[in-house]
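Kindly generate the complete structure, drawing on both the sequences and the hints.
Protein chains in written order, with the numbering used here: chain B, 564 to 915; chain G, 564 to 915; chain C, 564 to 915.
Everything labelled a hint here was simulated from the structure, so no lab data went into it. Hints are not guaranteed to be accurate.
Identical copies go unnamed one by one, so any copy, or any two together, can satisfy a pair.
Here are the simulated lysine to aspartate or glutamate pairs, EDC-like style, with alpha carbons at most 20 Å apart [to be verified]:
no.	residue 1	residue 2
1	Lys858	Glu815
2	Lys799	Glu815
3	Lys609	Asp598
4	Lys596	Asp705
Fair warning: this is a prediction, and the values are worked out from it, not measured in the lab.
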Amino acid sequence: MKKISMKGNDVVTTQELSTDEIEAILKLAFEMKKDRYADKWAELLKRKTFIMFFYNPSLRTRQSFEAAATELGGHAQFIEPKAMRLRGLKKGNIEVAGETIHDAAKVMARYAVGIGIRILETSVDNYGDGNKILREYAKHMDIPVINMADDIYHPCQGLADVMGMRMHNNNLPTRGKTLLQTWAKGALARSYCSVHESLLLNSRLGLNIKLAYPDDNYDLPDDIIEQVRKNCKENKTKFELIKGDPEKGYTEADYVYSRNWFGKDFYQIGKEAEIKRATDIKYKDWICTEEKMKKANKDCKFIHPMPVDEDSEVTREVNQGPRSIILDIAENRLHVQKAIMAMTIAGLEMGL
Amino acid sequence: MKKISMKGNDVVTTQELSTDEIEAILKLAFEMKKDRYADKWAELLKRKTFIMFFYNPSLRTRQSFEAAATELGGHAQFIEPKAMRLRGLKKGNIEVAGETIHDAAKVMARYAVGIGIRILETSVDNYGDGNKILREYAKHMDIPVINMADDIYHPCQGLADVMGMRMHNNNLPTRGKTLLQTWAKGALARSYCSVHESLLLNSRLGLNIKLAYPDDNYDLPDDIIEQVRKNCKENKTKFELIKGDPEKGYTEADYVYSRNWFGKDFYQIGKEAEIKRATDIKYKDWICTEEKMKKANKDCKFIHPMPVDEDSEVTREVNQGPRSIILDIAENRLHVQKAIMAMTIAGLEMGL
Amino acid sequence: MKKISMKGNDVVTTQELSTDEIEAILKLAFEMKKDRYADKWAELLKRKTFIMFFYNPSLRTRQSFEAAATELGGHAQFIEPKAMRLRGLKKGNIEVAGETIHDAAKVMARYAVGIGIRILETSVDNYGDGNKILREYAKHMDIPVINMADDIYHPCQGLADVMGMRMHNNNLPTRGKTLLQTWAKGALARSYCSVHESLLLNSRLGLNIKLAYPDDNYDLPDDIIEQVRKNCKENKTKFELIKGDPEKGYTEADYVYSRNWFGKDFYQIGKEAEIKRATDIKYKDWICTEEKMKKANKDCKFIHPMPVDEDSEVTREVNQGPRSIILDIAENRLHVQKAIMAMTIAGLEMGL
Chain B
564 MKKISMKGND
574 VVTTQELSTD
584 EIEAILKLAF
594 EMKKDRYADK
604 WAELLKRKTF
614 IMFFYNPSLR
624 TRQSFEAAAT
634 ELGGHAQFIE
644 PKAMRLRGLK
654 KGNIEVAGET
664 IHDAAKVMAR
674 YAVGIGIRIL
684 ETSVDNYGDG
694 NKILREYAKH
704 MDIPVINMAD
714 DIYHPCQGLA
724 DVMGMRMHNN
734 NLPTRGKTLL
744 QTWAKGALAR
754 SYCSVHESLL
764 LNSRLGLNIK
774 LAYPDDNYDL
784 PDDIIEQVRK
794 NCKENKTKFE
804 LIKGDPEKGY
814 TEADYVYSRN
824 WFGKDFYQIG
834 KEAEIKRATD
844 IKYKDWICTE
854 EKMKKANKDC
864 KFIHPMPVDE
874 DSEVTREVNQ
884 GPRSIILDIA
894 ENRLHVQKAI
904 MAMTIAGLEM
914 GL
Chain G
564 MKKISMKGND
574 VVTTQELSTD
584 EIEAILKLAF
594 EMKKDRYADK
604 WAELLKRKTF
614 IMFFYNPSLR
624 TRQSFEAAAT
634 ELGGHAQFIE
644 PKAMRLRGLK
654 KGNIEVAGET
664 IHDAAKVMAR
674 YAVGIGIRIL
684 ETSVDNYGDG
694 NKILREYAKH
704 MDIPVINMAD
714 DIYHPCQGLA
724 DVMGMRMHNN
734 NLPTRGKTLL
744 QTWAKGALAR
754 SYCSVHESLL
764 LNSRLGLNIK
774 LAYPDDNYDL
784 PDDIIEQVRK
794 NCKENKTKFE
804 LIKGDPEKGY
814 TEADYVYSRN
824 WFGKDFYQIG
834 KEAEIKRATD
844 IKYKDWICTE
854 EKMKKANKDC
864 KFIHPMPVDE
874 DSEVTREVNQ
884 GPRSIILDIA
894 ENRLHVQKAI
904 MAMTIAGLEM
914 GL
Chain C
564 MKKISMKGND
574 VVTTQELSTD
584 EIEAILKLAF
594 EMKKDRYADK
604 WAELLKRKTF
614 IMFFYNPSLR
624 TRQSFEAAAT
634 ELGGHAQFIE
644 PKAMRLRGLK
654 KGNIEVAGET
664 IHDAAKVMAR
674 YAVGIGIRIL
684 ETSVDNYGDG
694 NKILREYAKH
704 MDIPVINMAD
714 DIYHPCQGLA
724 DVMGMRMHNN
734 NLPTRGKTLL
744 QTWAKGALAR
754 SYCSVHESLL
764 LNSRLGLNIK
774 LAYPDDNYDL
784 PDDIIEQVRK
794 NCKENKTKFE
804 LIKGDPEKGY
814 TEADYVYSRN
824 WFGKDFYQIG
834 KEAEIKRATD
844 IKYKDWICTE
854 EKMKKANKDC
864 KFIHPMPVDE
874 DSEVTREVNQ
884 GPRSIILDIA
894 ENRLHVQKAI
904 MAMTIAGLEM
914 GL
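Below, the structure written as structure tokens:
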């Protein structure tokens, strides 16, 4: 038996965790789910403070992290940097006065034993800047930093997805299964991070990946695609990129993850233009329907990180029907986050 | 001895509770008040999450529910739906994209063991829509939903009122006493819910009811009046409706509840027009004064759910004087809410 | 051994505490720091509510008070009066309707065992009004009121400063040392309270005080200066006022506290005009530099309540260098606040 320790570690993306670390987190998350309110978990963060630091608000992330801290015996503080006098991060928002990230990070590490940071595309100017800022905080802090979603990665969502897929696979690993990750239309101009993390993590864990989107407007960043290809190659699985066909990818899929994401020029054109484009009639078939699901493997499941944009990303029939595992995945956010906090902050070790 | 169980039940209005359930909640609330910080209560929600879901903000409701969860060993999360991408509830605010109530409800029930919802007239288009939305959440949730005030009902306030009335009646039931519920002038365009609940609950518990307001502008909804009449009839008590006389109702009153409410056309004319009307000189006498109180029964008490609009709804002399039981009532919010949470969420049973 | 009890007391400024009370708080804060998460502290506020009442938001104050309540076994509620229907405090913001401070105070005292209030210059019309309002709350409340910074005083900051100064003085009192309190340029139009409290408390504790600022624009209020002079006189220490020389004060200083504050006409001219003035080129030398620090005593320390406005108030070299004790001071906010809460709310007595 191997002992896996993550004490003091940051969690920025699952791509930077070892597969042992991923398995350790998942194993602990399943144990915590089975015995959710057991007293033993309550010692892990007893009366300690976890800071939820939200450049971008998010209700589900907040609810699940806040409940996680409570269930571990601690307390999560909800903090919005906009209430701070921090030096500006964004063009047109340049504060010459104000506190540096260095100072803000160092002080928060005095009050808290761990911190979650959420910073998406709308808080920065360029793709990747959110992730850079998150890493800058991590550099100055001697407490674990947990990524609560940045403009590239979303490790907690990816792990919750995988936990849900296993729950609906007799609690077995999904190696050898096929995931269709498909773009969907809609007016929400959604972030990349959940989609990236799903592609990176599932390719890592031995699934065949099909990635479908309508046209060059919706290419994902090159480096992500390259990493997913590489992950598949290492696992000897298939990676298929399907452009322009909203149906083809369903064949042989065991999981369909249908979700909108914004175009690669989003940082330049902005939200309004993106929404106009993504709701154009030409994309009308980019929605997950029961009809399409029937072309997939028997028992093919529908995945989504929620909130779902019903009638755009998926029909109600699928979303609220027996194929949908989205509620279990949403609940799993809590369990994987508790597991991550327990291992990185409290130093709980897991045997594999 | 009867065992009263409310495990898993919603609490939308006291009108939908049995009188046994009402008495059980009050009995437990008195016990909890006597021994507020006892360890035994702290097992009831130990490390569990209660969501406070505020379509409309409210400080007192928040403070009392948040303290209630803490004192029961749990944690209350403060959540505002405006931070969510929920589909629009209101005309002129139509979101075609966004999450359905079905999905939002189902997920919150995964993180929390109970939820309080507050949704008033300003969050909806028509009278009663707030209550409908609250019931829609309840339909989709398998955890207790507690009404923290909607556009019709306010059960926790009603129960806190009754508890205060009993405290100042040697802890005895108030059956046979007389309540004057009177409209008051002022610039706050206040909601119906506290007034409705007071009328419904006190008529249910055997009080004679006098309802006074200036003119047709301030008629309460017909179905509420009808229910109050019916409650009185079943209890063989008197129901008297007094229009146009701000003094008459004080005669023989044991409790005077003086509070502003908006007119029946509020949903159409809006807040500004309502305030203009309610502050008109012609309504100048619609205020509770010590002079009027002297016409009531000896020891007549002043009731108000707070915040009080002093000098409009009541004079300072009465509000801060010995007749006023408003602070005890405000404190009772905490105790009745703890009792409701204990019975519905934790399943604590009460013997009557 | 003397037993110091502060049960039920308010803490508005250290100037109104006895030196025994100051020493008792500091002694307890050091003990709490040594054994931060010990179970014994958790009985002090067990499942009790502390209200953080923020007329003006502040992240650090919130983080440290919220963590303090958690570590004492209780829960801190974050409340903003702007969400309440309180009668207006400020000209041009006159609410004729709404709740009185009397009522708001009385109700909060029913839910909570203690309250912190923060109210700065931007929430009121005249210098000192914030402090008056805080004292009005205290008058109506039978629970301890702790000043979380008003427009005159900031006792928790002052005590945290002193605790940091002692930590870097072999845990010994700083009697006989010299503090330079100097104005600094910058665009933040900062409040007086931290500066006042530092002057009042350090002069009280037997330090020599040098107070430096550029010209009449930045005179501090007369009554504060008079009190500091008096404190020095009682301690037979030196008080030196240095106008117009940004360097002279460094000589013989053991501690340099360099921070911007707004001019005495700030309440009249407003923020924009103040910032324009304070960033004028003529004040360019009003910054703490390593070069200046070299003129001070060996091991001279840099003090600041944070957030620091780097490059205006102090250079990065000093702020992030070995002279800087700002992070320890920031952490000490937590420890002194826990100590104050323990003594005033929980009634913990300290032997001196």
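The hints, checked one at a time:
no., hint, in the structure
1, Lys858 to Glu815, "within (8 Å within a copy, 77 Å between copies)"
2, Lys799 to Glu815, "within (17 Å within a copy, 72 Å between copies)"
3, Lys609 to Asp598, "both (18 Å within a copy, 14 Å between copies)"
4, Lys596 to Asp705, "between (29 Å within a copy, 18 Å between copies)"
Going through the hint list in order, the structure satisfies each hint without exception.
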